[in-house]
Amino acid sequence: MKIDYWYGDGRKNPAVYADCTFYPNEGIYRGNVYDADGNIIGDYTSADSIEIEERFPGIFGE
Amino acid sequence: MNNNTVTATKPTATPEAAAILAINPAIFKGLHIKLGFDFQQPVTIRRIPAPFTIKKAWKLAGAEHDPATSTAAIIMRDTGNTYGIYCDLHMAPITADNLRDDYDDHGMSYSLGRAHGYKTVFSTFYAKGTFHDLRKSPTCEAWIIAQHNDLLKPWTEPARDWTERQRDMTPGEHPQPCRVYYANRRPVYLIDKSNYRLDARREDLKRRATKLRADRQKAAADAATRATATRRYNDLLKAFNAAKQRIVTALVNVDPLTLSPATVAELETIGKAVGEYAWKGLSGAARDINQFEAATRDNKFTTPARYDAAYNEIIDKLAAILPKDAGTAKEAV
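Chain order of the listed sequences is A and B.
The numbering of the first sequence is the numbering used here, which starts it at 1 and goes up by one.
The numbering of the second sequence is the numbering used here, which starts it at 1 and goes up by one.
Hints in this document: simulated from the structure, not taken from any laboratory.
Here a beta-carbon is modelled for each residue, glycine too, at the ideal position from N, C-alpha and C.
None of the hints are false.
In silico BS3-like pairs for lysine-lysine, Cα to Cα no more than 27 Å straight-line:
1) A:K2 - B:K206
2) A:K2 - B:K211
3) B:K300 - A:K12
Distance ranges between label pairs, derived from CB positions:
4) B:D235 - A:D9: 51 to 57 Å
5) A:E26 - B:A295: 39 to 45 Å
6) B:T230 - A:Y7: 46 to 52 Å
7) A:G10 - B:N241: 48 to 54 Å
8) A:D9 - B:R207: 26 to 32 Å
9) A:D9 - B:E293: 33 to 39 Å
To list a few chain B residues with every Cβ distance to chain A over 10 Å, as calculated:
10) P25
11) G36
12) P49
13) F52
14) T53
15) A221
16) R226
17) D235
18) R287
19) D288
20) A310
Build the full structure now, drawing on both the sequences and the hints.
Structural data, given as structure tokens:
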């Protein structure tokens, strides 16, 4: 899973939660990541939804 | 086919068609795309001497073309300008207002023309109301093209193979297996669903289902282990408290100077049991278990691995403290 922090490496302001969409043309998941204040601070791509869920628990709901 | 018929692939070189072809051959394609003209079928093309009126144009198209049953377009080209103009005259009665309404819709043909790589785009009238200027201009060249509505053929975008698209891509171009054209200046994506990587999605969901199943089984096993451990702990705690109570009772009730051998033996038995249960260790385990349960309740364990580690630690401690056979220990007390 690769998170691209737009304003730094995310150590100061880590991603707390994310949204997720499957992109069928590429066969991967993409989404934006948010900080604790709800601001979008980056995006990510991953081919594995388990990996995404481990990084952002509860992203796919119960 | 009569003299005025052109085909989309090879328009007949009537003077009128040739004149329009001289402006831009793409006009015929544009007419097909925008208005559905079928140039494989008879089409009437007439030159209109300028200045002209719409009524005059229709009249030139011929008596067989009634505004109610035919579709017509006007192509205009002013001297010095190289743009072609066409407009849908299908909506009868033809008035300037009708035309104006149609012009508003011409963004589509404009963008379509551009999307298809035409160098000359079909001018629209949103910039200035030049249709009437042009219509009245003595230097304007104009043609009317008319076809019966029954002969019109709806335009469909030609299908394009994805491999062909890939072949056309320049190196480094992002693979985008969908075609885009602009309708009313909004992009319309024609997605080729055969290129969907649904297999990737399916594989991922399969992995996910396997993991969820394993997690659920592990959780069930953990719960069972935990219930057993808790039950054993409670049994032993009860036995230990009973033993403690018996020691206290014995010490309170017995005169130390008159200890009978039986009492001493009993005290020794109890003491042994107490030693075996390790009061200190048990209370430590009790504290650990309480802490663990509180942490679980408060979601302190951020990962399953941490939960497992804490849980296993408690089980190990308890196993070290508890006698190997709980039943025997209870009887000993």
